[in-house]
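Engineer: Chains as they are written, first to last, in the numbering used here: chain F, 173 to 503; chain C, 173 to 503; chain B, 173 to 503; chain L, 173 to 503.
None of these hints come from the bench; they were simulated from the model.
Think of the CB as a built atom: it goes at the ideal place given N, C-alpha and C, for glycine as much as any other residue.
Fair warning: there could be bad hints in the mix.
[Stated by the list, open to error] With a straight-line cut-off of 30 Å between C-alpha atoms, the simulated BS3-like cross-links for lysine-lysine are:
no., chain 1, residue 1, chain 2, residue 2
1, F, LYS419, F, LYS309
2, F, LYS419, C, LYS336
3, F, LYS176, B, LYS468
4, C, LYS419, B, LYS311
5, F, LYS292, F, LYS311
6, C, LYS419, B, LYS309
7, F, LYS311, C, LYS382
8, B, LYS176, F, LYS468
9, C, LYS176, F, LYS382
10, L, LYS265, F, LYS419
11, L, LYS382, B, LYS419
12, L, LYS265, L, LYS500
13, L, LYS309, L, LYS419
14, C, LYS292, F, LYS382
15, B, LYS265, F, LYS176
16, B, LYS382, L, LYS500
17, B, LYS500, F, LYS176
18, C, LYS382, C, LYS336
19, B, LYS500, L, LYS382
20, B, LYS500, L, LYS500
21, C, LYS311, B, LYS419
22, L, LYS176, C, LYS468
23, L, LYS265, C, LYS176
24, C, LYS309, C, LYS419
25, L, LYS468, L, LYS311
26, F, LYS419, L, LYS309
27, C, LYS468, L, LYS468
28, F, LYS336, C, LYS419
29, B, LYS311, L, LYS382
30, C, LYS382, F, LYS419
31, L, LYS309, C, LYS176
32, C, LYS176, L, LYS468
33, L, LYS309, C, LYS309
[Claimed, not checked] So the derived list for chain F, only partly shown, Cβ under 7 Å to chain L, looks like this:
no., residue
34, ARG433
35, SER434
36, TYR435
37, LEU436
38, CYS438
39, GLY439
40, GLN440
Number of protein chains: 4
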Amino acid sequence: MDNKELAIGVLGAGGNIGQTHSHNIATYVDGARLAAVYDLNTDRANEVAQRYGAQVMDSAEALIGSPDVDAVVIASWDGTHAALATACIEAGKPVFCEKPLATTQADAKAVVEAEQAAGKRLVQLGFMRRFDPDYIKMKQILDSGELGAPLMAHCISRTRSHPKDHTTAQHITNIAIHEIDICRWLLGEELTEVAVRFPRSTCFAEGTCKDPQLVLMQSESGVLIDVEVSGNSYYGYEILCELVCEKGTIRLPVAAEPIVRSYLRCGQAIPADWTARFVTAYQQELQHWVDYLRGKTAAPGPGTADGYAACVVSDALIRAQGSGAWEKVGG
Amino acid sequence: MDNKELAIGVLGAGGNIGQTHSHNIATYVDGARLAAVYDLNTDRANEVAQRYGAQVMDSAEALIGSPDVDAVVIASWDGTHAALATACIEAGKPVFCEKPLATTQADAKAVVEAEQAAGKRLVQLGFMRRFDPDYIKMKQILDSGELGAPLMAHCISRTRSHPKDHTTAQHITNIAIHEIDICRWLLGEELTEVAVRFPRSTCFAEGTCKDPQLVLMQSESGVLIDVEVSGNSYYGYEILCELVCEKGTIRLPVAAEPIVRSYLRCGQAIPADWTARFVTAYQQELQHWVDYLRGKTAAPGPGTADGYAACVVSDALIRAQGSGAWEKVGG
Amino acid sequence: MDNKELAIGVLGAGGNIGQTHSHNIATYVDGARLAAVYDLNTDRANEVAQRYGAQVMDSAEALIGSPDVDAVVIASWDGTHAALATACIEAGKPVFCEKPLATTQADAKAVVEAEQAAGKRLVQLGFMRRFDPDYIKMKQILDSGELGAPLMAHCISRTRSHPKDHTTAQHITNIAIHEIDICRWLLGEELTEVAVRFPRSTCFAEGTCKDPQLVLMQSESGVLIDVEVSGNSYYGYEILCELVCEKGTIRLPVAAEPIVRSYLRCGQAIPADWTARFVTAYQQELQHWVDYLRGKTAAPGPGTADGYAACVVSDALIRAQGSGAWEKVGG
Amino acid sequence: MDNKELAIGVLGAGGNIGQTHSHNIATYVDGARLAAVYDLNTDRANEVAQRYGAQVMDSAEALIGSPDVDAVVIASWDGTHAALATACIEAGKPVFCEKPLATTQADAKAVVEAEQAAGKRLVQLGFMRRFDPDYIKMKQILDSGELGAPLMAHCISRTRSHPKDHTTAQHITNIAIHEIDICRWLLGEELTEVAVRFPRSTCFAEGTCKDPQLVLMQSESGVLIDVEVSGNSYYGYEILCELVCEKGTIRLPVAAEPIVRSYLRCGQAIPADWTARFVTAYQQELQHWVDYLRGKTAAPGPGTADGYAACVVSDALIRAQGSGAWEKVGG
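Using the sequences provided together with the hints, build the complete structure.
Structural biologist: Next up, the structure:
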């Protein structure tokens, strides 16, 4: 693809993540512009379109098929990802697909096969943590070898609330999916065995959703990962990770916020949600996608193989939620 | 007991922990003095005795039976604790016994029964973390209720090295025993189910000892505790703990050390071992013991019931090391 | 100005700051492109031009006058700023001028007058700290009034090295100028009295330049500011600031970097220079400039009045370096 | 002096600092006991005496002269220190005297001369920061030479409130006196020139007392020290210090307190006053004094020479408060 500015269409542009991507394309990403949007909620679609001077499309199909759209961002709800990605692939349009690639292993496989049939790399997955400067530095320190081999990882993923109909399984497919991917990426190997254990649930848990959960995953070489997945953390949004190596450990920093000393207390603000925590990562993943499409970098971002691998681990974790035992990934 | 200064005898006075206790009695503890010491290693016993002006005894029995000794500290190796504590009880001497009370549940039970037969509280266990100012403040915040009920605890226990013959089971009886006790104390309830999972071992692991280990414990009300137990952490000694509650979390602070900015790096020292980390806790537990014996406080420290409970959890964890499954405590 | 993309020309594009601005315009700033560059060092100018597909101009005058250039960035050495800014104003071209506006109060005044003669706002000054998220949050907390009125500010500006011919006065005009501006902006008032005191100089000080220096400034309402200005800090680049208010204090955070535990030490990297510290601020100031020129925001960035005010304070500080006494600003 | 336990008498035992010293002698200090107390406020004296089983004396003279008192602690108000210390010296009794030694240089000189006339070291001054583990480590790092020579020190001394009749000068004699001593001790050299500058005063300032103040001091070798002295800091008690050296800096840590994440905020408690901050230092200074008197250490603590030197610097600072200019110490 040549040097021209890409016209991007965003599906699900009215939701939180859709608005973030639309905003970043319209105002930050170099080499791309927001050309078109679609959302089931027409009012929200109109609002976003007007704000950034984009077209509103009548349907996802119309957006994907439009000659005014060079490439597509899928930011609609999780259950639609696989079908829409396949539609983009079949239309020959490059697509940036929010995680997860699919909510089941079978659906994920269908997308992988569609891309293989197309004969070229067309999909980047929204595993934005790979573009977070802190995770990148963490991986550089790990890969330098100065601290020896990794042995364990302690991860925490806390989000203040989730939709009312969010299920016990969605703690895996919607939240822990990020730890699945980032641990595969950090360690450079596959996760092979998994388990889930339920603590008592918080008083803020909704309906039958068990919250929090302790997710355990072990890699090929034996690195053991524990993840606290909290969907109703109340106090704030927080993503933590400590890699325990033979000669030392590496921890994600907490966000830099002004330190305030007030009445008998010294502290700093905690972000309320992900928008504040991963600003740069969300910008960089889209910039990378556009740079890749425009030939400015040869290294592709996370693709369908990563999306599929994450789904296979997710499936094993959902089985483990039911069995209470360790489950083999892909088993 | 009246107001007079107590004459203390220390068994195993030549080892690391024995020297710490001897030093604290001789120089810090108010209302007590170091009267006598014994150690299998006579040279070391002589050295300690000379340093603080104490008598050297010919045997543990001699020290326990001596009319010059009002109360006894047991700081010898783990396998001797139960028998020596029983001997003290039978001699009617108050005893401060280093953790663990015993290396098996059965041995612990024997001490409990000896104390019951004596008809009075004679034993304080060396669970010094209950006297650490940081853990005390943590419990105060938890008990205030402002953060809601506890749901999970993330603990880390890292020690730089252990004796060559240290076994996989000793990660439980010698190291994790502290987390067993402190979690019982923090939560105010019993631990009922446990599991252990082994990551790949560090290159520093000795012999057949699996190191590190991930210890999981769950309390009556469902609080789920994960503990990284590292016996060859190389980089330093570190005890961490985060209590995750419904409305927030509480974390142990890292030790306050001067912050040094040097070539492209900002940081602070990490203690090499426990002596630096728990200075105050080791002083306070002995001060409390002496105060209790002298009637200056009515609240006893941790006793045989706590030592026994910890042994019961230990036994279940050792079973879990073998089975790879969740084991019921006491089951 | 309408919605079209602005063609930007950069003067001094081959230097550190020039390359940063060129890179940001070419790859980050939305609504602008790097059209042309000029640098005394032709090799460097060619390099930058080639990297981003820009034209190389034969002279500063050619760049300013070119019909292919809509707006100009001045990133050449301090002594050229005033004359080049005036040339841009006279050509009716909007200009982004690196700080300082001028190296003397008299030269600064000439630019102010040229802009007044032009009858419209044409200059934004490169006081990028006003666009740093940390300083912005600090100001929000201060302005909320929850901590009461400001009383003092403790500032530190450390840079690892400076050019060999850097003078004692340039600690003011080139380094402390940032604190002059950011304190005016944070406090919302003018600085009226100043002093400088010299500690013993570091062994790394070059020639006759006194380094470090303690700069003192007092505002209209009496807020007293102390600034450590270190030009050879060796260990790293660091900008710190604590605002002391009646009921509490606000401190800039240190940059968030992964926390590494290694042999007996816990720490994190310190940036080697400003490029890592103020990445976002440098992007945002140019984005703001372009947004303002394109009518997307009505709020102008720092202008000639700010540049002039900073020069007046600088002049007083240079007088104070000589006199050793408190000097009135503008006096 | 031989090995026997010392009988200590405390003057001013009913005040804050007197109660702290009485408590430490009665319960912590090894080799000493609280024998007698005196306070103008008889009720308070009785209370302390009863709590620790000590005698109440009818007057300071009676306490100093009593054969039941081996050594004396002076914890009465600042204006009485010099006369009481002289009385102890003349009675041949070792004395631990709270800072300051005197409120004027002349009075301090009289004590120095009394001790010289007695022909032996009889006085330890209450500069407890020299016994604070953090300052001790700071000095060790400085003295190691790894960071090169010291150039500057940034100090902060904040206390939440002071007595209503506290004067502008008492910010020096009662508060900054600690920084005067600790900087002399850290740097190992005298302070030779000083200045004071007044920011606008806080709304919490009482009467005519100017608060806060910026104290500047320069050492023989040119190290420049700035000290924020706040007597109404409202938010908490805090002592900070950063030593700026040629190759790096050393900072006092903030106290280790549990880190609490609660609603959108992460933070830790700040001590309300000095009792929590310097617990160990207050214990160690008395332990050291007793150890020295009992021949267990040959190194004396801070003495009259240190007390006098601090008074000389204080006098210069009070002159500087009036003149607004730099003043020579001793000049």
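Engineer: Give me the numbers of the hints this structure contradicts, sorted from smallest to largest.
Structural biologist: The structure conflicts with hints 9, 10, 12, 14, 17 and 31, although it agrees with all the remaining ones.
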